[in-house]
Amino acid sequence: MPYLPTPQAYLEQSALLLQAYPDSRITTKYSFPSQRPTALKKAQARQSQRQQQQQQQTQDASTTQSTTQTPVATLTLKTYNPYAGICLQYRTNKAAEVGRLITSLGKLAGGADVAALGLGAAAATAGAAPGGDVEMTDAPVATEEAAPAQAAGQQAQGKPDAGTKGGKSKKKGKGKR
Amino acid sequence: MAPHLSNEEFFTSLTSLLSTTSQKTRGSVYLTQKPLLNTTSTTSDDPSPTKPAILIRATDGNTNAPNPKNPKNKIEKATKASKVKISTVVAVEELEGFYGRYAEVCKAGMTGLKKRDRKRGKGKGKGGSGKGKA
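Heads up: the sequence lines are chains A and B, in that order. Quick note: the first sequence uses full-length UniProt numbering, first residue 1, plus one each step. Quick note: the second sequence uses full-length UniProt numbering, first residue 1, plus one each step.
Misleading hints may appear alongside valid ones.
[Claimed, not checked] In silico lysine-lysine, DSS-like type, Cα no more than 25 Å apart, as pairs:
hint, chain 1, residue 1, chain 2, residue 2
1, B, 107, A, 41
2, B, 114, A, 94
3, B, 107, B, 85
4, A, 78, B, 69
5, A, 41, B, 85
6, A, 29, A, 78
Simulated from the structure, these hints should not be mistaken for laboratory data. Model, not experiment: these values are computed from the prediction.
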């Protein structure tokens, strides 16, 4: 059950998983570190180790003590399909990523494919949601292509979907140039 | 299980759930989303030309309950009443608007995460002072 290194990779893989298995579920866990005595001990040990390392590097360790008092929460995103047994995870503790991740989850929920997530570009693609024709002229074409592909049946869905995906991304590239 | 809340009620409950967890700096909040597939036979005949609505759940997984190992809490029986469990259903047409607000609520509520400004500022400050000293 891998932790993916970047949010982009996580979202991309999740989009692929959702395409293959639309009934996958996505869980977002917002969690503070455990306060069980054993867990606390471990955390303290880790912290002291880190502090020692920092002390070796820079001699003023006074600044690090302020961070020890407030536990930093973590946000873990998990896409899981019980039938396939596939589980994708991404973990972060940066508040700056929350908004971006949640909106991306919305796009995933709307059935966006990898191209529609707009991971390559920093700009959010408004056309990612189904029926959202905000983007360019190529967006409605892609949705039209996707609709018959879905109607064709779930088993045959893989190939035509892959086709539309490739086509869409190519078109997008041209559009940007 | 309790019936689904409306989207508005869900947001207010989620806001309070996140803020209490953040204030306590303890426990977890689990947010789950999955398509609400119809279990009726219509879907198997015709593989859903319309996309299913999204079911969104939020719970604290009973992590805000008092520690059962603590002897004080054993006396008053461990009840599951403290567990928060809310859910809502979002139609496909409302997805974009819902997730816009959902992201806002999460951003505002998840205050226990590392803040960007402070971290960056510190890093720069350290780097700057280091350079200055050198």
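Numbers of the earlier hints that this structure fails to satisfy, in rising order: Those not satisfied are hints 1, 4, 5.
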